[in-house]
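**Student:** All chains should be built: construct the whole structure from the sequences, respecting the hints.
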Amino acid sequence: MERGHWRLNLIANGSDRILIGKEQRKRAKELAKQYGFLPYMIERYIALWGEQEAIQFLEACEQPIKKSIRLNTLRATAEETLSRLKAKGVRLEKVPWLDTGYIADFSRISPGSLLEHMRGFYYVQGVPSMTVAEALSPQPDSLVVDMAAAPGGKTTHMAQMMNNSGVIVSIEQDRLRTASLESNIHRCGVTNSIVLRGDSRNLDQLGIAPDYILLDAPCSGEGLIALDPPRKRSKSMADIRFCATKQDVLLDAAITALAPGGTLVYSTCSIAPEENEFVIDNLLKRRPETRIAPINTEFGIPAYPNPYGVELHESLTLARRFLPHKHNLEGFFICRIEKEESS
Amino acid sequence: MKPEHVDLIQWDTVKNQIDSDFGAGVTKRILGTLTPVSLPRGKGISFYLIPPNWLQILDRDFKSFTPLSLGLWLGDLVEGKFKLSLPALERVQEYTSNRLIVSRHGAESFTYGRSILKESVIKIEPSLLRGQRVLILNESSECLGLAALSVDAYKIGRLAKDRLVAKNLVDIGWYIRRLS
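As given, the protein sequences belong to chains A and B, one line each in that order.
Position one of the first sequence corresponds to residue 1 (the working numbering), numbered consecutively onward.
Position one of the second sequence corresponds to residue 1001 (the working numbering), numbered consecutively onward.
A portion of the hints provided could be inaccurate.
Claimed, not checked - Heads up, simulated DSSO-like pairs for lysine-lysine below, C-alpha to C-alpha not over 27 Å straight-line:
hint, chain 1, residue 1, chain 2, residue 2
1, B, K1063, A, K246
2, A, K246, A, K94
3, A, K326, A, K232
4, A, K88, B, K1123
5, B, K1083, B, K1002
6, B, K1123, B, K1167
Since the hints were made in silico from the structure, they are not lab data.
**Tutor:** Shown next as structure tokens:
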């Protein structure tokens, strides 16, 4: 299949059907019934991974995901927080590729109820979300934009990486979610952030040229089924298509604003190639000043350069994926993109 | 709505209130090298402290974006009364003796929004008077919030253990309760 014709095959003709055989479609229907998913989802999983791996994914979606926390070094040293949590019976296991990320077993304690949480010593955050800020690694004193910032996990993480220097412009459109964003910024002792309510698609209106942009894009949430079981039946292919269109526009706004030589990290909590690899492949075609850059941290698996058999840009293997059935984590996609110095 | 230089009359109100609550010169000390700016918010005005090199932000046109906060949140002025923010309380802690240290049980109750009873009081500066603002600290001197004394400190020893000593004005549990 020619590169870039995925929309024709996957979305056009009003069918939204992945090209799988009749037998597989029948099997997809059975699995959909067994696991409580919508059939179109299973058809896509089978087309993407084959039946065996699709079943592994479905099984993984039935398993709980372990809680994890990020130690906030703006408020206390890692040693102090670790020692206090251990004294309260919290069992902690370091995430190998993260400086301050830990899998945390709070047993019967609610992670939000501890004094250390109220004082901002730690932030309850999924491992993939922590990895996103790590993939961007904003340097101290730089100008950073967080384009979809609520509830603030990534803004507060980046502030910690920048030791509260420079400026983070944290943008959120949803009025209610800005409350959680502000609350977490204050709790975590972040003082280098400017919180704006507005639509990040209008980022160019601000007239700034950020060194770094984090776009954890609004998505269909197909990677969060283990945390949100109703997601098995709540979203249609039209929703995925709607998200992909919005992601295209957000990415364009980000690339336009990004300083020449600047770095963008694009992430979603979706496992759908339609919101990830295809979106990035389209960006590379639309915006020749961009290229995918390697992430200097070893985690997950490489993203797919030919999902559903569609040949996409080969550099997509530099992007990374977390998958529930391979990593016991939420499904996530993380891609680091650089803008040419001369653009 | 955009951040602005502080109105000098309003800023005097803020400064006088902080200094009268926590001691002369405390406002100047918590400012350090930071500059106060204001941002209209609801019925009141929020005050933030920013580094001087951020002042150019004040000239910026945010167009369709609405600034909600920037830098360190100092507090809010509503109908002539200034309320210090939780992040600012920790800065105040370094410069004031208005402190009430409470027991573990009292600390826990306080972070659930409760007020301080006599039985929770571990230590207080005896010269503090009824109505004064006091920082509530746990036995490890961690700031848990702000309260208003409901009795002169030197009289606390005479109270029954279930009597109110300090009314909760704000506590760090607010961060969590606000989101629930």
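**Student:** Against each hint, give a clear statement of whether it holds in the structure.
**Tutor:** Hint-by-hint comparison with the structure:
1. Note on K1063(B) and K246(A): the hinted pairing holds, with a Cα-Cα distance of about 21 Å set against a maximum of 27 Å.
2. Distance hint between K246(A) and K94(A) is unfulfilled; the C-alpha atoms sit about 35 Å from each other, more than 27 Å.
3. The hinted pair formed by K326(A) and K232(A) meets the criterion: a straight-line CA distance of about 19 Å does not exceed 27 Å.
4. Of the pairs offered as hints, the one joining K88(A) and K1123(B) holds, with about 25 Å between alpha carbons and a cut-off of 27 Å not exceeded.
5. Distance restraint check for K1083(B) and K1002(B): the Cα-Cα separation of roughly 21 Å lies within the 27 Å cut-off, and the hinted pair is therefore satisfied.
6. A distance of roughly 16 Å separates the Cα atoms of K1123(B) and K1167(B); the hinted pair therefore holds under the 27 Å criterion.
When held up to the earlier numbered hints, the structure conflicts with hint 2 and nothing else.
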